Structures are given as C-alpha cells and as structure tokens.
Amino acid sequence: MKEVVLKVENICKNFGPTKALTDVTMEFYGGEICGLIGENGSGKSTLSSVIAGIQPPTSGVMYKHGERYLPVNPVDGQKKGVAMIVQEAGTIPNISITDNIFAGKEQFFLKGPFVNKKAMQQAAKEALDKIGVDRMDPADNINVLSQEDKKIVEIARALDDDPELLIVDETTTALSVYGRDIIYANMRRMRDEGKAVIIISHDIDEIMAQCDSVVVLRDGVKVGRLEKEEMNGRAIRNMMVGRDMSENYYREDADGAVSEEVVLEASDISTEKVLKGIDLKLHKGEILGIGGLTESGMHELGRILYGIEKPIKGKVVLKKRDSDYKITNPWGSVKHGIGYVSKNRDVEALLLTTTIRNNITLASLKKISRGGFVSAAKEIPMVQEEIDRLSIKCNSMYSNVNSLSGGNKQKVVFGKWLATGADVLILDCPTRGVDIGVKSAMYSLIEELKNAGKSIIMISEELAELIGMSDRILIMKDGQFTKEFPRNPDLKEHDIINYMI
Amino acid sequence: MMRNRQIAVFEDNDMQEYIKNNRNVVTPIIGMILVILVFGFATGWKNYTANNLQTILNQSYSLAILAMGLIFIFAHGGIDFSCASVMAFSGLIAGLLMQIGVPVVICGIACVLVGTICSVITGALTVVFGVPAFISSICMMNICRGIVMAVIATNAVSVTVDVSAFKSWPVKIIVLIVVFIVTTFLLSKSLIGRYNKAIGENSVAAEQSGISVKKYRLLAYMISGVCVGIAAFFLLCRTGRMATGFANGLQLEVIVALMLGGLPPRGGYRSNIVSAIAGPLILTVLGNGLVILGMDDLMTEGIKGLVFLAVVFVNYRGSSESITGLFGKIGLDSKKMLLK
Numbered sequence: 001m002k003e004v005v006l007k008v009e010n011i012c013k014n015f016g017p018t019k020a021l022t023d024v025t026m027e028f029y030g031g032e033i034c035g036l037i038g039e040n041g042s043g044k045s046t047l048s049s050v051i052a053g054i055q056p057p058t059s060g061v062m063y064k065h066g067e068r069y070l071p072v073n074p075v076d077g078q079k080k081g082v083a084m085i086v087q088e089a090g091t092i093p094n095i096s097i098t099d100n101i102f103a104g105k106e107q108f109f110l111k112g113p114f115v116n117k118k119a120m121q122q123a124a125k126e127a128l129d130k131i132g133v134d135r136m137d138p139a140d141n142i143n144v145l146s147q148e149d150k151k152i153v154e155i156a157r158a159l160d161d162d163p164e165l166l167i168v169d170e171t172t173t174a175l176s177v178y179g180r181d182i183i184y185a186n187m188r189r190m191r192d193e194g195k196a197v198i199i200i201s202h203d204i205d206e207i208m209a210q211c212d213s214v215v216v217l218r219d220g221v222k223v224g225r226l227e228k229e230e231m232n233g234r235a236i237r238n239m240m241v242g243r244d245m246s247e248n249y250y251r252e253d254a255d256g257a258v259s260e261e262v263v264l265e266a267s268d269i270s271t272e273k274v275l276k277g278i279d280l281k282l283h284k285g286e287i288l289g290i291g292g293l294t295e296s297g298m299h300e301l302g303r304i305l306y307g308i309e310k311p312i313k314g315k316v317v318l319k320k321r322d323s324d325y326k327i328t329n330p331w332g333s334v335k336h337g338i339g340y341v342s343k344n345r346d347v348e349a350l351l352l353t354t355t356i357r358n359n360i361t362l363a364s365l366k367k368i369s370r371g372g373f374v375s376a377a378k379e380i381p382m383v384q385e386e387i388d389r390l391s392i393k394c395n396s397m398y399s400n401v402n403s404l405s406g407g408n409k410q411k412v413v414f415g416k417w418l419a420t421g422a423d424v425l426i427l428d429c430p431t432r433g434v435d436i437g438v439k440s441a442m443y444s445l446i447e448e449l450k451n452a453g454k455s456i457i458m459i460s461e462e463l464a465e466l467i468g469m470s471d472r473i474l475i476m477k478d479g480q481f482t483k484e485f486p487r488n489p490d491l492k493e494h495d496i497i498n499y500m501i
Numbered sequence: 502m503m504r505n506r507q508i509a510v511f512e513d514n515d516m517q518e519y520i521k522n523n524r525n526v527v528t529p530i531i532g533m534i535l536v537i538l539v540f541g542f543a544t545g546w547k548n549y550t551a552n553n554l555q556t557i558l559n560q561s562y563s564l565a566i567l568a569m570g571l572i573f574i575f576a577h578g579g580i581d582f583s584c585a586s587v588m589a590f591s592g593l594i595a596g597l598l599m600q601i602g603v604p605v606v607i608c609g610i611a612c613v614l615v616g617t618i619c620s621v622i623t624g625a626l627t628v629v630f631g632v633p634a635f636i637s638s639i640c641m642m643n644i645c646r647g648i649v650m651a652v653i654a655t656n657a658v659s660v661t662v663d664v665s666a667f668k669s670w671p672v673k674i675i676v677l678i679v680v681f682i683v684t685t686f687l688l689s690k691s692l693i694g695r696y697n698k699a700i701g702e703n704s705v706a707a708e709q710s711g712i713s714v715k716k717y718r719l720l721a722y723m724i725s726g727v728c729v730g731i732a733a734f735f736l737l738c739r740t741g742r743m744a745t746g747f748a749n750g751l752q753l754e755v756i757v758a759l760m761l762g763g764l765p766p767r768g769g770y771r772s773n774i775v776s777a778i779a780g781p782l783i784l785t786v787l788g789n790g791l792v793i794l795g796m797d798d799l800m801t802e803g804i805k806g807l808v809f810l811a812v813v814f815v816n817y818r819g820s821s822e823s824i825t826g827l828f829g830k831i832g833l834d835s836k837k838m839l840l841k
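Going down the list, the protein sequences come from chains S and E.
Numbered per the numbering used here, the first sequence spans residues 1 to 501.
Numbered per the numbering used here, the second sequence spans residues 502 to 841.
Hints are supplied without guarantee of correctness; some may be wrong.
Computed, partial: chain S to chain E, Cβ under 10 angstroms [as the list claims (entries may be wrong)]:
| id | residue |
| --- | --- |
| 1 | Ala254 |
| 2 | Val258 |
| 3 | Ser259 |
| 4 | Ala266 |
| 5 | Ser267 |
| 6 | Ile312 |
| 7 | Ser323 |
| 8 | Ile327 |
| 9 | Thr328 |
| 10 | Ala349 |
| 11 | Leu350 |
| 12 | Thr353 |
| 13 | Ser391 |
| 14 | Pro486 |
| 15 | Ile497 |
| 16 | Asn498 |
These are computed hints drawn from the structure, not numbers from a lab.
These figures come from a predicted structure and were not determined experimentally.
Don't be surprised by glycine CBs; every beta carbon is placed ideally from N, CA and C.
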C-alpha cells in the first residue's frame, strides 16, 4: 500500500455565489505522479492553489502525512513541503539568476552581515545541476533568459527545498520540448524518491504519457480517478465533458480553395533577430496556418503583420477595395479592420482587473462613440451580443475578467475582435491554455468567420489544429518559410515536423 | 424578448458585480460624511460657523480642482509632483499680465494656457522621451518654482485690479460644478477617460487593442494642465499677491487627498471623480477640525499621516496590488514580485 502524502477532505471553495469546488475528497500518494485534469472552470487550478496555500478553502480540511495541514500562504506551504510551479511568470526582473533562485533565502548565505555571493552562486549552480540544466550561468542577469529559461529558473527555485509534494500547474503548455523534458525528468525523479507529484493539464496525451493515475474534475466536483491501466483518451475526455465527445472537432470539409483576392500582403519582411525576407499573401476567406517552433520567428511575424513591431526591411500592405494601406502601428490596423489575438493572453490582451464589458468594447470604443463620447446605448447591446454569441460563462457583464476561467477569458478576447467587425484576424496561438470544450467552440467559430468571408492567419505550435483548420499551411524555420502544404486533413504531423527542425 | 434584453438590462447580478467594482467609490463618501459628523460633534458644531466653513471650502477648493484634473494622469498610472509649482508659475504670469493692465478675463485665460503648456511639456518628457513620470514632474516642479522665486525676488507681483468677481462664492461654486461635470463626463464617458483608464489597467493590452497610448496619455496631461491653470487663477485672486510659497505643498496634499478619496494608486477603471471631491473635503475638515480642537500644527500633520495610512489600508485591504502600486509608482516594482 502506498503512503498517503496529502489528503484533502470535503474541500469547498466559493467565490461569492460561484461554487468553484464542492466536497472534493481525494488522496495523493508518495511515489506517484497524479494528473489532475478537467475543463477550464472545473476547479483544478482552484484546488491546487488551495493545496499550495495561495487561498484558503471555504470549508474542508487537509492532512499531510496524517497531520492537519493548513498553509496560510504559499511561503508557509513551501515550508511545509509543498512546492508549486505556476503558469505565469514568477521571476524577479533585473537581478541575477542566482538571486532569483535564492530570493528570500539570503540568510542562509551570510558571512558576517553580508551575503556571500560566491557561496550562493555555487549553490545556484548545484540547484541547476540537480534539475539537469547546464545551459545557463547563474551569475547572468535574468533578463537575458528566454521565457522558457525563466521558467526553468523557477523550477530550480521550487525544487531546491526538496518538497514532498510538487504541483505543476499547466506549466508545460508554454514550454518547448526541452523545457518539458526537464519538468518531466524532475517529476519522475521525485516520484522515484517516493514523493508525490501533481500535474495539472488540459492535454490528455500529456497526462496519459506522464501520469500513474489521473483524477478528473468537472464543475468543481471530482468525477473519478483512473489508474494507469484504465486510462484512455476517450474515457478521460468523456469524463471531462460529461457527455460523449466525438474525437474530431476540426473542420470537416477538405476544400482548400479560396478566392483569388488578396487582402493582406507582406513582402520581404526582415528583422534584426530572426526573420529573413518573408513574403506572404493572405486571400479573402482563407484560413492561413503558420506553424513552426516557438523561436522560428512566427510569433514575431504575427506582431509585424499587425504593426506592433516594425521590420527593418520590407512592408505589410492591407489591400482594400479602393486603396492600399501600409501597416505601421496597431491603431491604424484596428481602424482598417484587422484584429490580433496575442499568445500572451493575460499580459497583452486583457485588462484583467476590470469588467468583461470594458474588455469587449475596448477596441470598438471609437466605433461606438460620437464627438469623442462613448454611447452606452450602443455599448451594452454590443457586449451582450458577444457574450451570447460566444456563450461566455459569467455572472454578469460587470464581472471582473480575472474571475473567469482561461477558456472564457480567451472568449472575451475573441469577443473584443468580433465586436470590431474586423475582416482580417491574426490569431497567435488562439487555443493555448484552453480546454477542449472551448477549443471546439473556437474552431467552429473560426470556421464560421471564414464562411462569412473573413480572412484569418492562425499561428500555432499545435500541428493538429493547423492541419485540421487551415486552407494552407506555411511552415517556418529559422525565420524563413521552408514548406507550403495545401489543405489536406489527412496530413500527418510527422510529415510536417521535418520541415520545422 | 431579444429586443427587450438589449435595452439597458441591469439585473440583480449586474448590480451585485457593479457594487463590488465600485466599493472604492462608496467608502470615501461614507468616510467623508463620518469625518464631517465626527468633527461637528467633537467641536460642538463650532467648526461649521459661516466663517470657518468658508475657510474649509477655500482650502479644499484648490485641492478639488487640481485633483479633478490630476485624476486623468493617475488613471493611466502616472503621477505628477509639478502641479503646485506650475500653479505658481501660471499665477505669476497672470499676475504680471494684470499689472500691465491686461483685462482680468484674458489674464485668466492666459493662466489656464500657461498651466496647460507646462503640464503638456511634463507629459511630453514622460510620454515621448520616456523619462519616468515622477522624475520629469519633479524637474518641472523645480524649474517653475525657480522661475517664480527669481522673478519675485526682483519685482513684487500682486493683484492690482478688481477681481472681486472671482472671489465671490457663486462664481467659484459655478466653476467648481462646471469642472466637476466636465471631468466626470470626460472620465467616465469619453474616449480620453476610457482610454486612459484602460492604459492604467494594462498599457500593452491597450496598445494592442488599437489605442494610441502616447496620444491619450498626453491628453490626460492636457486636461490636468487646464485644471491647474483654473486652480491657480482662483488662488491668485483669493490671496491677492504672488509669494515664493504660492500653492507650495499642494502637490503632495492633492495626492494624499486622492488616495483618501479612494483612487486606486495604479489608476485604471476604478478611478472616479468622486475621489477628487471626497478626498479634499476629508483632508481639510480633518486638518481644520484638529486645529479647532486645539491640536498644534505639528501634531496635526502627524495625525493626518496616520489617518492616511489607516484609510489606505482599509480601502485597499485584500487587494495587495493596489498597495504595491503605490510602491510601484516610486520605482520599487520588484518589491511586488518579491511579495508574490
């Protein structure tokens, strides 16, 4: 019989009238990697934050090794042996990697009244070695690191305390294969040391590959637990959604024909860092997929097409019926009917601490204003229309956006652009961090938009969705397009991967 | 049915959320009423004699007008320490113009113009050239104060013409109400207000949503400048002469007043003009009441500080980001990350 590291009993968590968790009881065992899976809003992140001490439960108790466990804050949780790696960035800018790893723990490196930098750097190196990373120098400033390497620094920080329970909260979606492998290797190492690991994810394949058991949550209730041998994609999916889901939720047609009319044309786009002479034509009513590795330059391309960044060479032109418009900045783009969904939703696309209403109309305020004043009589129906069209799950249009689940947040971002009536949409990782329920809604929405004559550029790291949705796929590698695939739903991922790496 | 829903539906749950979002507007009003009542009781209503009431109103008048403009800069997450010195500088120009016989109304307009120009220059330093707002405004503060001191050292500047119209309460109250209505509409209904609040929430997202961030931040400085000019002119008319210490200290008092009035230090969508009315009133009634109660000046400052601290904690309790926002403004952003 495995040892129970943590037991949660009858945990409830309410946010006002919303019940995020209802009577959740479960056990986490030592020597086991347990997956926690569920749609957005199912309560899995709430549960993990309760365990890590980020918020207290409304009712219910937790036991660690049989003793009452009630962390008052994450630091307390960490002291008691529970470490958590979160999705958002949690490093301190402008200081060294070493200082980041040991922030708040400087007292262990005192030499007289001063901090012994050398000893700390040595320890930082050991902490990085321990998790199997050798590609960074702990003396470097954290700012030089990529987003992924920053995440790795966080992992080193979390694991330095030798926690008994590690929670990995949807971290892997933002990482490349390298970063994922580091996380997986450390999860397995902890398991082999007899510790408990919880991994939270939307990704069924990831859960099946990494976990020894999986617990499914739905609407704040524990639906069930499956052991390794009982796991299969279909069973988990059905438990998550609560009804039978078909395996295929992409576009069904195989028709990749689009109109000859070009709406957006980029020519010879180059940047200092990555892009080398990119040419691109987007046709009316086309879904153009752009795939590649994160560092291939495809995200920069998206930003340039929308005007957030400027290329050192080349230009982007929006072809309008009567005249051409050269894209140089976002407000011009919005004015001329282009929308952009950033891949960093919470940082770049949403005003988190204000209402859904303020978010949805943000890009359309000019459209619904007269003489510089916004018309509430037009604004409120506009918001209601998007909430209805996208079926955003919310208490009211005056709810704060950060009270919504990830999928619903993404719907708000989509709502913002639908409200503008944009004809060209540039979607950068539109389904990142979004569960299958919302994903499938997004896909049918994108298809609807295509049918309504809108042109869409979909930049994605998920090859399956590119194959499933695009009329044409461009594969990017090291700042250049290496291959173009016409629409073919039977295309296999490994046919494409070769052109990416 | 669908039609019906589209006409301004305000259901119970909307109301709930609305109240939740506007808590920072309701508490200062309650606080203001409490302070007014408490000091009324404590002084046996002696603090509301016609005479003293006039003192209270005079003191809060400049503060309120300043605050109503400054709120736009705060809304986008900025800060401005220069307003009091700019007041002195524009007051100086108006005073000089009066002395050479320019009509009073033109002097008033010039005063507003000078205030606006100075404020826009401060804004441009920050918005266009990227100097942090608190540094550029401190520079402007010193420059304006320096000019005022240099000029006054050689010629005395005083109001030599009849400005009784601008000293009379009906005119002052009407101007206050007009400024209140205009700024309220600008902040809550206009693109300028909405965009500045959005920039305060998240400037990256605002820019990506097609807002010309620089332009709208500059416009906030412009509105603030207009209010600075108005406040300067009325203060000049009231005091009757320019002194080196003209309006000095208001730059900090107005910030304290805004915080007391429930303005989130980070700005954003919770910024509300109510803060610019409730805050100055709380601050002056409190200070004035303490003096009437026989507290000496030094103690009064200390007690004001304590009340400020208490209010900030009551108002922003539970939303750590707002408190750290205050630190963030003076450049301790990393503090926030540590707390996290």
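Consistency of the hints with the structure:
The criterion of a C-beta within 10 angstroms of any C-beta in chain E is not met by alanine 254 (chain S), whose closest approach is roughly 34 angstroms, and the hint is violated. Using the Cβ-Cβ criterion of 10 angstroms, the hint placing valine 258 (chain S) at the interface with chain E is not satisfied: the shortest such distance is roughly 27 angstroms. Evaluation of the serine 259 (chain S) hint against chain E yields a violated restraint, the C-beta minimum of about 26 angstroms exceeding 10 angstroms. Using the Cβ-Cβ criterion of 10 angstroms, the hint placing alanine 266 (chain S) at the interface with chain E is not satisfied: the shortest such distance is roughly 19 angstroms.
Interface hint status for serine 267 (chain S): violated, as the beta-carbon distance to the closest one in chain E is roughly 24 angstroms, over 10 angstroms. Below 10 angstroms, beta-carbon pairs count as interface contacts, and isoleucine 312 (chain S) has none with chain E, the closest being about 21 angstroms; its hint is therefore violated. Interface hint status for serine 323 (chain S): violated, as the beta-carbon distance to the closest one in chain E is roughly 20 angstroms, over 10 angstroms. Taking 10 angstroms as the C-beta contact cut-off toward chain E, the hint placing isoleucine 327 (chain S) at the interface is violated, the least distance being around 12 angstroms.
Contact between threonine 328 (chain S) and chain E, as hinted, is not supported at the beta carbon level, the nearest pair being about 12 angstroms apart and thus beyond 10 angstroms. Look at alanine 349 (chain S): its Cβ gets to within about 6 angstroms of chain E, closer than 10 angstroms, so that hint holds up. Interface restraint check for leucine 350 (chain S): the shortest CB-CB distance to chain E comes to about 6 angstroms, inside 10 angstroms, so the restraint holds. Because the smallest distance between the Cβ of threonine 353 (chain S) and any Cβ of chain E comes to about 6 angstroms, under 10 angstroms, the interface hint for this residue holds.
Because the smallest distance between the Cβ of serine 391 (chain S) and any Cβ of chain E comes to about 15 angstroms, over 10 angstroms, the interface hint for this residue is violated. Evaluation of the proline 486 (chain S) hint against chain E yields a violated restraint, the C-beta minimum of about 32 angstroms exceeding 10 angstroms. At about 31 angstroms, the closest approach between the beta carbon of isoleucine 497 (chain S) and any beta carbon in chain E exceeds 10 angstroms, and the interface hint on this residue is violated. Interface hint at asparagine 498 (chain S): violated, since its Cβ lies 34 angstroms from the closest Cβ of chain E, which is beyond the 10 angstroms cut-off.
In terms of the numbered hints stated before, the structure departs from hints 1, 2, 3, 4, 5, 6, 7, 8, 9, 13, 14, 15, 16, listed from lowest to highest.
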